[in-house]
Amino acid sequence: MASPEAICGHYIEVNGTRTFYDELGSGQPLVCIHTAGASSLEYRYILPLYAAHGFHAYALDLPGHSRSYPVSWTQHRSIHEHAEFVHAFVQALGLENPVITGCSIGGDITLDYAAHHWSEIAAGIAMEGLGRSPTFPRPSHLVHPAWAPGWQDMMERAAIESLGRETPESLRQELRWQHRNAQVSAVGDLEAWAGHDVLASLGAVSRPLLVIRGEDDFWVPSELVEETVAALPQGEALHLPGIGHYPMFEAPQLIADATADFCRRHGVLAD
Amino acid sequence: MSFLSDPTLQQKFVAALNANAAFVTQTTVFDGSIQLEVDSDCLWLKIYKGKVIDHQSTPSAFGYTFKLCGSAAAWKLLLSGERTWADLTYPGKRRFDDDPELTRVGEPHCDIRIEGNLVEAGRLTEATFELAYTLRAVAA
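As given, the protein sequences belong to chains L and B, one line each in that order.
Following this note's numbering from start to finish, the first sequence increments by one per residue and tops out at 315.
Following this note's numbering from start to finish, the second sequence increments by one per residue and tops out at 185.
These are computed hints drawn from the structure, not numbers from a lab.
Treat each hint with caution, since some may be false.
Unchecked claim - Which bits of chain B does chain L cover? Going by a derived footprint, with three or more residues having C-beta under 8 angstroms, they are:
id : segment
1  : 121-130
2  : 134-142
3  : 148-158
4  : 164-171
Claimed, not checked - Sample of chain L residues lacking proximity to chain B, with all beta carbon distances greater than 12 angstroms (derived):
id : residue
5  : E49
6  : I51
7  : F64
8  : S70
9  : A190
Backbone N, C-alpha and C define an ideal beta-carbon position, used for all residues, glycine too.
Only chain B is shown next, with the shape it has when bound in the complex (with noise of 0.2 angstroms):
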């Protein structure tokens, strides 16, 4: 069980996105849904017109417009405030402490990776680094 499977997180984290003012204006013309997923732990945000109106901590039937994924650790590392949401979703691997060699420059590696519709996603940037920093926030 991660820290996203905590409800009271959940009902925190909702609050707090309707209380985001740029969080508000950047999907105000989107109608869909984004799912978070810690390890196996997930959340489904329902958002319609700059408001999330329902959320679950399980898979919808309707499906997710696009996810943000990956593991616990890597998550964490956005929580900590060790890595800007930048560095731990666009793709490319720029470390190397597990390659002194440099065998692997030039891979497409991502520590949290966005999937599912991605010219939403993709139009839906800003809205996602608000998303991002505004779990941090909660869950300090």
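Bound-form chain L, shown alone (with noise of 0.2 angstroms):
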């Protein structure tokens, strides 16, 4: 099996602006997304695991995050914006049917992407993602440091503290530095999660979605994920003791297995 070391990054012009992604294996594309204010670093333990399952995964930087330039220097403030700007990402590098899968805004991207171009895709996999999710207020005013002066350290500690309880304290804090590179994009990122509600256009997904739920993650209720799988035709919920807000960084061995055995059982990934 591949090391996180044969991960190799790329840069690729997408909607006018420098976006880095992350790539490894053949077969199946498979695009992941990214959590609030972090980058394609969270999937650096699972891509060699997806790769050994047959798995041509891209990782990308989403716009104005860690290595990729924001659009036009202005953060996203909708899930539907950084939806649409992966669908150009995926025409950009010619991927047919690809699976989408991503957590938290990444998971909500997946059902927007999804809600937007389900004849595109084979498959979707959300992680932490909801049809709708206003589970905080929009944190606008969180943007100017002169307004909210901790706000990095408001955010690190959403993060780290939605991490699964046993999680050991090295992947903490690399956890923490995911999400030292991206503070003003993160705000839209939230911003993004409150106003995000596509659930009443889930209906028409006709392919195969998998929402996948940490037990211990507080931002995602288990109420609103069963709701989001119910409004999809081939919705399917699995939720993970043990596990917080970052399930591919937690638990890589066991999302990719959950990946590619939900792949295989629809037909979309060869046995």
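Hints are included, so try docking the two chains, each in its own frame, into the full complex.
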């Protein structure tokens, strides 16, 4: 199996902005979308495991995050903007029938992508994502440091406190550093999360969608996961005990296996 | 009377805060006061340059910079380890045992509220997390 050091980084122009992505493997295209204020580094442990299952995995930095510049020097403030950017990224790479997966805002983006482009995907895996996610107020007031000088700490604590309860300290520190590169874009990400609602559009999604939730994640109510799955014609829920808001980072083998199993059951990935 | 009214716990708590290197670092550039409220019980902490230099169990004539307030039931969720400080203090309704029809999705509910000078409270975010978990450790 490939190691995380075999992951290859690239740049591509998408919607006029320099966009970074990691790549590993060959086979069924799989596009991976990170959480609010983070980057493709969240997928560094799982990309080799995806590749071993027969996925050609691509993990991008969303605009304004880490190594990707924002579009027109402005952060995205809606999930739909992010989803349309990911769609443009898929088109720029020429990927056909990819599986789309993402976590947190990435999970919301997966569902928005499915709602608007379901015929162009093979399947979706939404981790900690919802059909609607107003689980906190819009944080627009946090965008200027003079208004909220503690914003960096607030966001980093929001991330590490929602990890699984038994997550080792080393992973907590790593995740905290992963959230130190996109303070401005993170406000837009969280505004996007709070305003996201594609619930009414999910009934048209004629593709298999798996919604994964870690039971230690207090940001994503199980009731809203069930609401999301109920709205999807081919929806399925997977609730994971002992896992928090970052399943692919906390339990990469478990998530890679669950993703591959779901795709095989639905004929997306060959046995 | 809640756990907060216990003078022995108050002394231990203040000593533990002053022995907490992260709390000391995070309050090094602070001259103000934080008030804790558990139901009707109160603990006022005067903090100057990284040290708790005074405390009292009644509101101070000087007021407070910001306060952390909630019911005894909410604070118990912190002390028991059942909920994290972020979960208890970041607004938003995320539990629906009392609302199976999901009619209250989107409400700005908060179990433990932060009130007063929110710019200073925001600047002391990390210190406040240290304070909360120090209290949990002392009260255990």
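Comparing the hints with the structure gives:
no.	hint	in the structure
1	121-130	holds (count 3)
2	134-142	holds (count 7)
3	148-158	holds (count 3)
4	164-171	holds (count 7)
5	E49	holds (33 angstroms)
6	I51	holds (31 angstroms)
7	F64	holds (29 angstroms)
8	S70	holds (40 angstroms)
9	A190	violated (8 angstroms)
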